Each structure stands twice: as C-alpha cells, then as structure tokens.
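*Asks:* Each chain, letter by letter, is given below.
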Amino acid sequence: MTCRDAAALLPLFFDGELDANQMRAVALHSTRCLDCETALRQLERLQDLVSVHVATAVDEVDLSSFWSDVERRLGPTSVSWRERLRAWWGERDTAWAIPAWPALAAVGAAIAIGLALAARVQTPTTHPDAGQVATRDNAAVLDSLDTDAPSVAVLSDPETRTMVLWVSDDDSVGDVP
Amino acid sequence: MSGAGLRPLAMFGGVVVLATAVAAQVVEPAASPSAGRVEVRVGAVLASNASKEFDTRLAALHRQFNALFPYSSYRLVKEERQQVRWGERVGFDIPGGRYVVVIPKEYKNERVAMKVMVLEGARPIVDTAVSLRNHGTFLVAGPREQEGVLILSIGAETVP
Numbered sequence: 001m002t003c004r005d006a007a008a009l010l011p012l013f014f015d016g017e018l019d020a021n022q023m024r025a026v027a028l029h030s031t032r033c034l035d036c037e038t039a040l041r042q043l044e045r046l047q048d049l050v051s052v053h054v055a056t057a058v059d060e061v062d063l064s065s066f067w068s069d070v071e072r073r074l075g076p077t078s079v080s081w082r083e084r085l086r087a088w089w090g091e092r093d094t095a096w097a098i099p100a101w102p103a104l105a106a107v108g109a110a111i112a113i114g115l116a117l118a119a120r121v122q123t124p125t126t127h128p129d130a131g132q133v134a135t136r137d138n139a140a141v142l143d144s145l146d147t148d149a150p151s152v153a154v155l156s157d158p159e160t161r162t163m164v165l166w167v168s169d170d171d172s173v174g175d176v177p
Numbered sequence: 001m002s003g004a005g006l007r008p009l010a011m012f013g014g015v016v017v018l019a020t021a022v023a024a025q026v027v028e029p030a031a032s033p034s035a036g037r038v039e040v041r042v043g044a045v046l047a048s049n050a051s052k053e054f055d056t057r058l059a060a061l062h063r064q065f066n067a068l069f070p071y072s073s074y075r076l077v078k079e080e081r082q083q084v085r086w087g088e089r090v091g092f093d094i095p096g097g098r099y100v101v102v103i104p105k106e107y108k109n110e111r112v113a114m115k116v117m118v119l120e121g122a123r124p125i126v127d128t129a130v131s132l133r134n135h136g137t138f139l140v141a142g143p144r145e146q147e148g149v150l151i152l153s154i155g156a157e158t159v160p
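So the sequences go chain by chain: A and B. Take 1 as the starting number for the first sequence in this note's numbering and just add one per residue. Take 1 as the starting number for the second sequence in this note's numbering and just add one per residue.
Simulated from the structure, these hints should not be mistaken for laboratory data. All figures in this text were calculated on a predicted structure; none of them were measured in a lab. We treat Cβ as the ideally placed atom computed from N, Cα and C, and that holds for glycine. Treat the hints with care, since some could be wrong.
[To be verified] Which chain A residues face chain B? A few, computed with CB under 10 Å, are given here:
1) 17
2) 25
3) 47
4) 138
5) 161
6) 167
Construct the complete structure from the given sequences, taking the supplied hints into account.
*Replies:* Below, the structure is given as structure tokens:
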C-alpha cells in the first residue's frame, strides 16, 4: 500500500469503518510510515480538540433559568396540584366510591412493586462477589478471525471459559500445547 | 365500611403509589456504559520452562495459565492500559516487535465488542472481531520459540 492509498483511507481507518483487509493494510502501513502515523496522530488531535471545544461550549450554556423561563411563558397555572387532588377526591367521593378491598389491594400491590424494584436495583450493586464473578467468566464470542500465520487454533479453558488464540508456525497445528 | 373510614385508607394507598412512582424515578438505572469510555488493557507474558517462577502480578490469570499452557514460568514483561472512546483505535507496542491495535466498537448485552489486530513485524498474525464480557480477558499466544512463548492478555472494561 502506498502513502496515497493510505491517505485516502486514514479517516475511515480512524473511525474503524474499513473491512478487515483494508484495516490491516493501513495499520501495517502506518506502523512503518512516519508521514501516515503523523497524519493519524493529527486526526486524533483534531478529534480531541473538537470534543474539548464542544464540551466547553455545552458547559458554557447557562440552563439555570431554563425552567423558570418556561414557567413564565406558560403563564400562571390556573389550578394548583393540591386543588386538583382535592377536586379529584371530591369527585371520586360522589361519582365512583372505591370499596375497601380494592384500596387494600392497591396498597398491597404498590408495596410489592416497591419492594421488587428496590430488590432489583440493590442486588447487583451490593453483591460482594460481583467483580470476581465477572473476572472468572471470561466467555468470549469470536465474530471473525483472519491471519497470515500458517494456523491459528482456538482453545478454551472450560472452567474459566477463557479463550486463547494459539498462533502456530506449524500448519498441522501440532504446535498447540 | 363507611365512606369516612375508607377515605384515610384510600389516601394512604394513593400516597404509597406516588412514593413508589417517585422511587422508580430515583432508582432509574445509570446511563448506558456505551455512552462513556472503555479501558483497554494489554499484557505481555513470557512463558517458559526456564524456571518455576510465577510472577505475582499475574495472580488473576494463574488458573487459566496452568490449565491452558504447559509451562512452569510466567513473567509479566509489560502491561499497559489506555482509555479510549468507543470507535477509536488504540495501539500498544509489545516487546519483540509486535504491535497490537484495538478498536472497541460497542457495548451490547454486557459485552464489549472490539476489533483486535496483532502485528508481528510486517505480518498480521491475528485479525479478529471479538465480543468479550465486560472486565473479561482473552489470550493470544504463540508462535512457540526456543525460549518459550509470548502470551498476550487482552481485556476491556467500560468506564462510566
């Protein structure tokens, strides 16, 4: 691959959008070509600068008066929540009185949902072995594999499910441990 | 039950429902890990039968090494960690003339999907797309040489 070829592909390479062969060719070229490596570094620096600039611009936006401005534009609310609740209650009292047992069922259901939500949220964060479990289970999924070596064997430790790509110079895979 | 007796009970029920709704908002899960950065770590381990020394820094991989490789000595030659944004590439120089390029693509189903290339001199010895459990590690080993074998441990974890 020439510098001209690589230069056209560098932005795509930088974004990880090339196919495997092109990705490999550009990576290989850039490791040996100072100009292309420099161009890649410039792309990285440009992206960093843009990110910093955007982040700074966003930080500078003053949102402190946003909601008060929205409320002001909406105008005064005609009915407060308290009044609405009171009106709803009065309406309920005359229009569709709730018997005792559905009210009790609603309370029970609400408590059960609350407990279930709390349990669901707390379990992963308070489990003492969470990190160790993740470390023990290294299960990996191989989506694609390409190589210039004579052979590559995929091994796995059944206990920890750790995957090994064993590269061998012997195409009969007799080199695998 | 009279209407007067029902009212406090139903009101209590309403309060509990409201409290539950508020709690559900409060305990909303944190932002998706794919919105943050990812830390890629690459370690180079020299495995041989020259001694029976096991580098204590490799304690987390002790069981895997013993189960997968027939060597008695494991020495961590180099370890490097770099944080990148999703989709960015990160390169690692490995002793012995190897170069590792990793591009974390996305975080999906608690897995980090990434493209990994291992170059040995001018030869790409591994070019793979792999989905690895968050905080997980996979290994690239070989080719076998006279003094042993170089094992690369490649892992990734999301950074909030």
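*Asks:* Taking the earlier hints as the rules, which of them does this structure contradict?
*Replies:* none
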